[in-house]
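The residues making up each chain are set out below.
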Amino acid sequence: MATTSPPGVGLLKGLGVTIKHLFKQPATQMYPKQRPDLPPRTRGVIALMDENCTVCMLCSRECPDWCIYIDSHKETVPPAKEGGRARTRNVLDRFAIDFSLCMYCGICVEVCPFDALWWSPEFEYAEYDMGKLLHEKDKLREWMDTVPAPPMLEEGAVAPAEVTDAIAKKEKELEAEAEKQREASAAAEAPKGKAADSGGGAPKKADVEVKGAGEIDQETFDKLIAEGKSERIARSKAKAAWVRKEKERLRAEQEAAGGDEDGDDAAPKPQAAKVEVEAGQIDQETYDKLIEEGKSERMARAKAKAAYVRKERARLTAEQDGAGSDGSADEPEAAAAEPAAEDAAADDAAADDEGADEAGDDEPAPKQKVADVHVEGTGEIDQETFDKLIAEGKSERIARSKAKAAWVRKEKQRLIDEGGDA
Amino acid sequence: MSDLSTRERIHPGTAPGEDINLEILGDGDFDTAEMSLSIGPAHPATHGVFRIVLDMDGERVVGARPVIGYMHRGFEKLAEYRDFRQIMALVNRHDWLSGFSNELGVALAVEQMLEMEVPDRAQWIRMLIAEWNRILNHLMFIGSFAIELGAITPMFYAFREREDIQHLLESATGGRLHFTYNQPGGLKIDLPKGFLHQSADLLALLRKRTPDYKDLILGNEIFQARTKGVGPLPPEVALSYGVTGPTLHASGVPEDSRVTEPYLKYDEVDVHVPLGENGDSFDRFSCLLGRIDASLDIIEQIHDHMPAGPVNSKLPKMVKAPEGATYVRTENPLGQLGYWLESDGGRTPWRLKMRTPSFSNVQAIPYLLGGVLVPDAVAVLGSVFFVVGDIDR
Amino acid sequence: MTDLVLDQAVTFAAQSASLLTFDSFVLSVAAKIVFALGLFFVVPLVGGYLEHKVMGRMQNRRGPVEAGPFGSLQLVADGIKFIQKEDVIPRAADKWVFAAAPGVALVPGMLIFLVIPLGPGVFALDLELGLFYALAISSISVLGILMGGWASANKFSLIGGLRAGGQLIAYELPLILAAITVAVQAGTLSLVGIVEAQSMFMLPGTDINVWYVFPQIVGFAIFFIAAMAELSRPPFDMPIADSELVFGYMTEYTGIKFAMFLLTEYGGMIIMSALMVVLYLGGWQLLPGVPLPGCDGAGGLFDCGWLGTLAGVGITIGKIMALVFVMVWLRVAYPRLREDQLQRMAWIVMVPLALLNLAVVTVAKVVF
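Chains A, B and C, in that order, are what the protein sequence lines are. The numbering of the first sequence is this note's numbering, which starts it at 1108 and goes up by one. The numbering of the second sequence is this note's numbering, which starts it at 4 and goes up by one. The numbering of the third sequence is this note's numbering, which starts it at 1386 and goes up by one.
Honestly, the hints are just simulated from the structure, not real lab data. Since the structure is predicted, the reported quantities are computational estimates derived from the model, not experimental observations. Check each hint, because a few of them may be wrong.
[Stated by the list, open to error] Within a straight-line C-alpha distance of at most 25 Å, the following computed BS3-like cross-link-like pairs (lysine-lysine) qualify:
1. K1120(A) to K1131(A)
2. K1244(A) to K1412(A)
3. K1330(A) to K1279(A)
4. K1330(A) to K1354(A)
5. K1120(A) to K211(B)
6. K1131(A) to K217(B)
7. K323(B) to K356(B)
8. K1140(A) to K1396(A)
9. K1120(A) to K217(B)
10. K1188(A) to K1354(A)
11. K1276(A) to K1181(A)
12. K1276(A) to K1354(A)
13. K217(B) to K231(B)
14. K196(B) to K1511(A)
15. K1396(A) to K1244(A)
16. K80(B) to K1330(A)
17. K1517(A) to K1501(A)
18. K1511(A) to K1501(A)
19. K1127(A) to K217(B)
20. K356(B) to K1330(A)
21. K1127(A) to K211(B)
22. K317(B) to K1120(A)
23. K1438(C) to K1140(A)
24. K317(B) to K1276(A)
25. K323(B) to K80(B)
26. K1352(A) to K1412(A)
27. K1279(A) to K1412(A)
28. K1244(A) to K1501(A)
29. K1354(A) to K1287(A)
30. K1140(A) to K1509(A)
31. K1246(A) to K1181(A)
32. K1509(A) to K1495(A)
33. K211(B) to K1131(A)
34. K1540(C) to K1127(A)
35. K268(B) to K196(B)
36. K1495(A) to K1511(A)
37. K1412(A) to K1140(A)
38. K1438(C) to K1120(A)
39. K80(B) to K356(B)
40. K1131(A) to K1540(C)
Construct the entire structure; sequences and hints are all you get.
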């Protein structure tokens, strides 16, 4: 056994390696001062988009740790049009994730069919009390602001079906537009070549209201299944196909019902979707009241917004009624240009929206429910908002994402204003 | 201890200083008592809750009894109550240093039972991540083995490298240790844009940095004095205990299922298996370092081969393995990992038996520890690479 | 008779005047105590900070950054933490021995600072037997370690303590042999005298002034290695060997007692470095043959103004820190040896070499 060898080259080399590192920049990340740069796929915390949740309980059932708690009740929605049938839907009462049990496997996010659950890279929610790791719906909704855009896929990857579909659809649409020799202004409004721009193709047909988007077109479904598409994709496409067909049918009926475009034409529509209401503004009165009641600011803002939309719609409808129905021919286009009231998007957009976020689409921004006005360059942020939030002590990521959203809102407002002027 | 002092007496025949023999001999001129020393379950050298009871005569070990099971979590039983998607998130936790390779084993087993065609791109990406995972694992052991011999610095360098690799893998999988990136039939999602570029950059960086480990540890005379000839493991003994991985390669047996029974696309790349000659601690360590270089070579080849195409195949709503059984073995970073998957056609396996490399490797420890000194015992423990979670499961 | 003894004692004690000697006896004693204690508690902290930072940077990290400017108060913060900790004594421990051990290890460290000269006149005492005193006292520390190892009633502690004892016996011999060689060359055992002799030492046949490190490079290497081994510094830290023996003789110690052991180690580093500076590296001489500013005593090293004095102290501390840096460097770069390898190296390599070195230097001294 070699006990000691005279100190040789090996010993000197060791000294060399260490002294070399003495003059290198340390690899240390000064964590609380220097934020870690986490990739968008990081499994940090689970965010909930509660508007998307249909209380299907898939996440809760699939969770290996059973750490998701969901409560809901059924609510009857009055028929959307007279003579229609009333529908029931599930209303989410409670959605809680116990992060002291969660093993961060991501199965819930993966199985959610309506993209209500998202991963966010935020990780600083450690608590001294284990009970506080139970994040309720509000808290989970707040994480939603920090969800980054999913990254683009590496070269050679197959684009997700939703993206290819959307591109094909868009192309078809553009062709149709070219054929019809539409006005340049109308064309400029339409988003260009943007993948999965939900609602992009919808406005032209929005005048026909289609009920019950739950049905699917069996023929399409079978065909797609035979082509080897996954069941989910097939279902969503078949659903869309059904809606398309149904619209076709309704329009044909309308045309058959008579050529007069004014009076009767407006009758089957519940009008709500057609009245131009500028979203983004809030009803100050409602807002103040809710704040006084101690609601969270976000909640108050959302409700006030809804209130504003309601009021505005009522006002406009009244005006319309007064002015007669002469404007109805223009309305579809107008509806396309303006952010429609949120609930109007429900059925039609659902089909698009639903497919659009199988965890890997190329969509640059987390889906927005209504994206009627396309805003280029979502990378910019609203400096004012950003500074304000930073001053309030929010984390940079949250501030950035909110500021981004603020910028988009402002930009949309601006575009809308411009559009209105034109 | 009082017992020890009463029994100790100097042999009358020997005058002090007559024989300067510094070897501490058990059957020498002193009548001594044996002392049993319990190393672990919480001891720095066992990195985990592994316990080993040493019977010692002075500083010489005369017997060693590993005690395992402190970390038994019932993985095999748990797996019987998990569907395959959940099992993916489960198995990357028994050997937490090779999460991806563990998932891979289960995924391959399920695919084999379903006779599923896995897209080419998915297989290449799996190989890429698995090799990065292997480097990640080996770096950890390089650091910990050095620290067991008293060299504190390599640990920090190794963790710096690990951090870079983990960041890379996190950008694709979302996880740093528990990747959960596999699913039966492929991967959950394709790599993010720029991954292959980053991977190539990191490869170049690591190639620049690995010589540091050789200079700092492998070439160091003190290190050689501490490890050469310590705990030699003859090939036949290694095979009889079922030792695999770098510990086996050090004994000169080139058994590596990437070569002998290629899975994924390992038959399309050159896999170099570094071999040792004496099977001592030094060889085990140099095999480990050599495997990092070998993995870097494989990654380079994968970069050149990466095909385009889908990464997953369509799955039914609930993956159910058909009735039957299969055994899949993969070359995990620490050795051969085998999954015996038996299904009754339900949504969960009827039985999932794990053959983990760490469990087999520690079987050789009593053999290796016979007659060594305590410092050498640590050198042996550190060079028979094991993860406690992988032993106890 | 008593007068004679007293006379001898006085000549024994005071070779050259310390700046800390005042007219008032009490004041002198107080000043010297404060000096030695101050050195003992401050310089090791500086050395410890240097170790933290250098080790951090060599390992590609930053070392302490939060406590104080650039983390410089980290050891102070650690000390406060140690004081606050619960003082645990194992039930099976030999309580008195257990409690006394850290003190036994610590006090010799303090005592050595009495004789270490930091600059012209900056020392507490200049004993005629300074070197002898320093080496004798430094060996007592290990007694505390042995006591701690035995009294902890822990097998790991016991092995650690025994290793420390074995190491001391093995390395005390080469250490003393190397130091004696210097004394032979200098012709004095007084530490101040050795510094003076170095500044006077010319290469034979020339008038080039060199330090003893040049003629005695072998002796310096032996002294350095032996000092590292005595201090249980890596790569000779087998008595602690955290991966084998948990923490060796310190395993059962917590709180302030543990801190005392740690302070002993850092203090030991400073003491051994200071001895090396004095014995081999020319004390407070900046470069061989370069007198300090404002000094006109022997070799340009004594009777300095305050500027020269400060410069002298600065130079000594700088040299000490340079040696501490080397010790840290070795700790960062090397794994630890095995106890039997260490013993072999001591008895088979170091002792013969040290004897040879002594013989060569003695012969050379006579010849030239």
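Structure-based check of all given hints:
no., hint, in the structure
1, K1120(A) to K1131(A), "17 Å, holds"
2, K1244(A) to K1412(A), "20 Å, holds"
3, K1330(A) to K1279(A), "21 Å, holds"
4, K1330(A) to K1354(A), "21 Å, holds"
5, K1120(A) to K211(B), "16 Å, holds"
6, K1131(A) to K217(B), "19 Å, holds"
7, K323(B) to K356(B), "18 Å, holds"
8, K1140(A) to K1396(A), "39 Å, violated"
9, K1120(A) to K217(B), "9 Å, holds"
10, K1188(A) to K1354(A), "16 Å, holds"
11, K1276(A) to K1181(A), "36 Å, violated"
12, K1276(A) to K1354(A), "17 Å, holds"
13, K217(B) to K231(B), "15 Å, holds"
14, K196(B) to K1511(A), "22 Å, holds"
15, K1396(A) to K1244(A), "23 Å, holds"
16, K80(B) to K1330(A), "42 Å, violated"
17, K1517(A) to K1501(A), "21 Å, holds"
18, K1511(A) to K1501(A), "14 Å, holds"
19, K1127(A) to K217(B), "15 Å, holds"
20, K356(B) to K1330(A), "41 Å, violated"
21, K1127(A) to K211(B), "14 Å, holds"
22, K317(B) to K1120(A), "55 Å, violated"
23, K1438(C) to K1140(A), "20 Å, holds"
24, K317(B) to K1276(A), "23 Å, holds"
25, K323(B) to K80(B), "18 Å, holds"
26, K1352(A) to K1412(A), "34 Å, violated"
27, K1279(A) to K1412(A), "35 Å, violated"
28, K1244(A) to K1501(A), "20 Å, holds"
29, K1354(A) to K1287(A), "20 Å, holds"
30, K1140(A) to K1509(A), "21 Å, holds"
31, K1246(A) to K1181(A), "23 Å, holds"
32, K1509(A) to K1495(A), "11 Å, holds"
33, K211(B) to K1131(A), "15 Å, holds"
34, K1540(C) to K1127(A), "40 Å, violated"
35, K268(B) to K196(B), "23 Å, holds"
36, K1495(A) to K1511(A), "13 Å, holds"
37, K1412(A) to K1140(A), "37 Å, violated"
38, K1438(C) to K1120(A), "22 Å, holds"
39, K80(B) to K356(B), "9 Å, holds"
40, K1131(A) to K1540(C), "42 Å, violated"
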